[in-house]
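Required output: the full structure, derived from the provided sequences and hints.
Same order as they appear, the protein sequences are chains A and B.
Heads up: the first sequence at position 59 corresponds to 58 in numbering that gives the first Met the number 0, and the numbers run straight through without jumps.
Heads up: the second sequence at position 217 corresponds to 216 in numbering that gives the first Met the number 0, and the numbers run straight through without jumps.
Since the hints were derived computationally from the structure, they do not count as laboratory data.
All C-beta atoms, glycine included, are put in the ideal place defined by N, C-alpha and C.
One thing to keep in mind: the hints can contain errors.
Partial chain B-side listing against chain A, Cβ under 7 Å, derived [what the hints assert, rightly or not]:
no., residue
1, GLY71
2, THR164
3, GLY168
4, LEU172
5, GLY173
6, ALA174
7, GLY175
8, ARG178
9, ILE183
10, ALA187
Here are some chain B residues the structure puts well away from chain A; computed CB gaps all over 12 Å [as the list claims (entries may be wrong)]:
no., residue
11, TRP18
12, TYR34
13, ASN38
14, PHE42
15, THR54
16, TYR117
17, ARG182
18, VAL259
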Amino acid sequence: MEITNKFLINDVNLWYSDFQALNNINMDIPEHMITAFIGPSGCGKSTLIKSLNRMNDLVEGCKITGSILLDGENIYGDIDVNALRKRVGMVFQKPNPFPMSIYDNIAYGPRTHGIKSKFVLNEIVEKSLQDAAIWDETKDRLKKSALSLSGGQQQRLCIARALSVQPDVLLMDEPTSALDPISTGKIEELVLQLKKDYTIVIVTHNMQQATRISDNTGFFLLGELIEYGETQQIFSIPQDKRCEDYITGRFG
Amino acid sequence: MDKLKRKKPVDLILFLLTWLGIIITVSVLIFVVGYVVINGLPFIRPSLFAREFTTENQSLFPALVGTLMIVGLSLILAVPLGVFSAIYLVEYAKRGSRFVKIVRLTTETLAGIPSIVYGLFGFIFFGVFLGWGLSLMSGAFTTSIMILPLIMRTTEESLKSVPDTYREGSFGLGAGRLRTVARIVLPAATPGILAGVILAIGRIVGETAAIIFTLGNVARMPNNLFDTGRTLSAHMYALANEGTHPGEAHATAAVLLIVVLLINALSSWIARSITKDRG
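Shown next as structure tokens:
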């Protein structure tokens with residue numbers, strides 16, 4: 000199978016006011032694969048993932064140079080940010096369902112993009128919940144508050160919510176760091192299934208998680224991309240001393 | 000072993016102090032409410048709700064209507080203005096900007112001004128300068144300026160207490176700022192905003208000085224928005240001041256208490272029905 004690149008990241012530098020958080024990042028993110036970003040806290044991996052759907056726009060004093068191409072189009076050019084975020088969905092570190100019913104949580108996205116038909120919405124809700132492997136647990140309580148779900152269920156609901164607007168890419172910013180091992184396992188299984196339909200970028204603090212699910216891994220340190228390649232290779236024969244020290248647990 | 004033995008003397012003293020606090024607070028409340036009810040209830044007769052106030056029958060009905068009109072009008076004026084200003088300050092303005100600081104300082108100053116000053120201002124500006132005289136309009140505009148800072152402050156606080164993760168979730172789905180504020184942030188903040196509105200209602204209902212200055216204190220049914228009238232508090236003040244009808248004054252206090260309780264119950268019912276299928 001030929002590999003096509005979803006994102007092309009070229010010479011990206013990013014500043015939060017005076018602090019430079021990303022330093023000359025260049026990387027390609029291939030389609031229909033899982034790309035993991037690893038590295039110690041404050042290394043810039045979350046910053047980079049948030050640049051991919053321009054969530055950094057919300058941070059005051061954030062300035063970015065360079066270009067990020069999504070299917071060949073520069074997302075920092077003259078584009079509709081809301082349309083970009085529809086195509087590049089995001090799942091956050093802490094499950095953040097809206098304080099409304101399970102059904103309304105999922106229907107919020109499609110409604111935002113103008114779908115009004117009850118029939119179509121019902122279908123989208125069912126399909127999204129099924130794709131996120133949470134349909135069986137929620138089908139009898141769609142009108143109940145989403146906040147009544149457990150943490151792991153809430154996170155899968157948030158994945159379903161991200162899927163509801165039919166994105167191409169799913170960005171996941173440490174999606175399991177607030178969850179127990181069993182819920183984490185379920186999410187990882189789910190991510191592997193979603194791979195065939197979506198391009199997935201995941202930030203993780205958990206080395207094992209990166210080896211279990213990702214195809215490619217990028218190691219970041221102090222705002223720089225130190226090493227990037229196939230996950231298997233990075234974890235078995237890392238080229239850079241700092242990367243080796245990190246994955247063997249000598250610091251971080 | 001020593002730790003398990005029993006409470007230390009300091010613990011016991013603090014425990015007694017907190018209890019003392021609760022007992023004093025609750026008994027003051029019970030005393031005030033009881034005093035008003037016991038003295039007022041025997042005087043609550045159907046004739047107190049007669050349409051006309053006469054020297055023989057000190058009807059509180061015109062004042063009741065006046066109170067509801069003033070409360071309703073000033074809420075219509077102040078709630079949208081206050082809520083929209085707060086939305087601008089929290090959701091749109093650059094956080095911590097100079098402009099926001101100045102607006103905040105101004106509203107805080109406004110909140111601290113004694114009501115008689117508002118009364119005098121309302122009398123001169125609305126009554127004399129705009130020529131509205133002593134009227135429902137003058138009264139409602141004056142009280143709405145009084146409650147505006149309160150509504151702004153409470154709305155601001157409740158908007159700020161809505162977690163940013165909700166906003167991120169909404170933006171992440173491609174929703175714009177307007178939709179995020181209207182569909183996600185505002186509903187989540189509604190209970191807090193309504194709590195502010197209830198406080199504001201309490202302030203209007205309890206106001207006398209500014210009301211007498213701007214609405215006047217004439218015991219008859221207002222015919223239109225530019226007619227004078229009186230509120231229950233002003234009615235009580237008048238009755239108590241004349242000293243000839245202490246029973247009716249107490250009855251008015253009891254009715255006022257019931258009106259406030261009803262308005263509060265209504266507001267929390269609205270809050271509950273808005274947030275019904277939320278967590």
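Consistency of the hints with the structure:
| no. | hint | result |
| --- | --- | --- |
| 1 | GLY71 | 30 Å, violated |
| 2 | THR164 | 4 Å, holds |
| 3 | GLY168 | 5 Å, holds |
| 4 | LEU172 | 4 Å, holds |
| 5 | GLY173 | 4 Å, holds |
| 6 | ALA174 | 5 Å, holds |
| 7 | GLY175 | 6 Å, holds |
| 8 | ARG178 | 6 Å, holds |
| 9 | ILE183 | 6 Å, holds |
| 10 | ALA187 | 5 Å, holds |
| 11 | TRP18 | 35 Å, holds |
| 12 | TYR34 | 42 Å, holds |
| 13 | ASN38 | 46 Å, holds |
| 14 | PHE42 | 47 Å, holds |
| 15 | THR54 | 57 Å, holds |
| 16 | TYR117 | 37 Å, holds |
| 17 | ARG182 | 7 Å, violated |
| 18 | VAL259 | 29 Å, holds |
The structure is inconsistent with the numbered hints 1 and 17, although it conforms to all the rest.
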